[in-house]
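Visitor: Use the sequences and the hints to build the structure in full.
Protein chains: 2
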Amino acid sequence: MASGLVLYGYWRSSAAYRVRIALNLKGLSYETRPVHLVRGGGEQHAPDYRALNPQGMVPCLLDGDRVITQSLAIMEYLDEMHPELETALLPVDARGRAQVRALVMMVTSDIHPLGNLRVLQQLESQFGADEAQRAEWSRHWIALGFQAIEAMLVDNAATGRYCHGETPSMADACLVPQVYNALRWKLPLDDYPTVWRIYQACNELEAFRQAAPEVQPDAPAAV
Amino acid sequence: MASGLVLYGYWRSSAAYRVRIALNLKGLSYETRPVHLVRGGGEQHAPDYRALNPQGMVPCLLDGDRVITQSLAIMEYLDEMHPELETALLPVDARGRAQVRALVMMVTSDIHPLGNLRVLQQLESQFGADEAQRAEWSRHWIALGFQAIEAMLVDNAATGRYCHGETPSMADACLVPQVYNALRWKLPLDDYPTVWRIYQACNELEAFRQAAPEVQPDAPAAV
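Note that the protein sequences, when read in sequence, are chains A and B.
Under our numbering, residue 403 is the last one in the first sequence; the count climbs by one each step, no gaps.
Under our numbering, residue 403 is the last one in the second sequence; the count climbs by one each step, no gaps.
These are calculated hints, taken from the structure and not from any lab test.
Hints are supplied without guarantee of correctness; some may be wrong.
Incomplete in silico selection of chain B near chain A, CB under 7 angstroms [as the list claims (entries may be wrong)]:
(1) M261
(2) A274
(3) T288
(4) A328
Estimated spans, in silico, between C-beta atoms of each pair [stated by the list, open to error]:
(5) A/V218 / B/E211: 25 to 35 angstroms
(6) B/Q313 / A/E394: 35 to 45 angstroms
(7) A/E266 / B/G308: 34 to 44 angstroms
(8) B/V334 / A/E260: 21 to 31 angstroms
(9) A/G220 / B/G244: 26 to 36 angstroms
(10) B/G308 / A/P397: 38 to 48 angstroms
(11) A/D335 / B/A399: 25 to 35 angstroms
(12) B/P368 / A/V334: 38 to 48 angstroms
(13) B/S209 / A/R246: 31 to 41 angstroms
Per the computed footprint, the stretches of chain A lying under chain B, defined by three or more beta-carbons under 8 angstroms from a beta-carbon of chain B, are [said to hold, decoys possible]:
(14) 235-249
(15) 257-270
(16) 292-302
(17) 313-320
(18) 330-340
Just so it is clear, CB atoms sit at the ideal spot from N, CA and C, and this is done for glycine as well.
Guide: Below, the structure is given as structure tokens:
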């Protein structure tokens, strides 16, 4: 049985970015194996990658001979395998855990899937959506989602320097890549001051900075 | 502090359907409070509901004075609050838990969000998508997702009568509403024999039958 953690990802993939943050927050070293999502029609569709992950999506984590797919399943797995309190990605109380997981889903189910590359490609092929229309579509869903997240965070006594209290959690690991995405789409963020404040606080931490798309080995030299 | 579980949902909401299954599997009784997603522009947008859930979506669970939103967060919460092994919604081993959560996300992130009512409405308003085009769009994402889920299930020694082993889990609670949806969209299911077999096995259980959209108090008399 092989040992060590291997992450199949792509520098710009929001879901892989989440997992990089989680691995860094937990202080786990890992090997990066880039999967280029665009080149040659997408390396994620290649038979050898499909054999590993039939869904043909990133990220995918190898832990020895275990194959774990889906960013949220990977984060929960890492937290269960490495339950040390000081690097916990979830709070200890059930109510806090539910709050963090709700924030996670507000990103991973209600925003991110709608702006994914494959969805934008489908908008183009099925409805002839041009670049401006695809941008409008993406901004629409991010804005809706951020409105709700802002309301959740502002209203909640548990909100601290980070999404939940004074240590970063899974919610922050999901929120930061989504804000990064919003900036790419040039969505004005003035209406989401708490989201923006937390984004900045997270990016002061090495765990987040070293997970950023631009510093990944497969990122192009100048972005 | 009030006691008892209250579920805000809508008979046809896939996400609420998941939670009803989970509550039934855990043997928890609850009060249903219907939120009509279409009538009057959608009761989920009304100020009193927004005060409870700023996102304006269903489901939303009240546990005494706790408000829990997002179907997956609710299911995890129920499993943590009621950890009895015989009604566990997740397996005990980390690998199995990761597998179940990955299947969950394949539905909750990669299929369901793309066929949501609000997304179909946006396709109509932004691209003038007619009913046939919206149906094509919905079937496209369900088919892609079911291909991947079928491959995951067929390939896995842990697959049993249900998605994971011989007892239903969170994965089944997510898969069944998605198959229900696929049937509504008239997606042929011949290519997903394992998905179909598990759907039928689940629907032999009272927990699933009593969660079905048609038997909810807010369902129209004849569907």
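Visitor: Just pull the numbers of the violated hints for me, sorted ascending.
Guide: 5, 7 and 9
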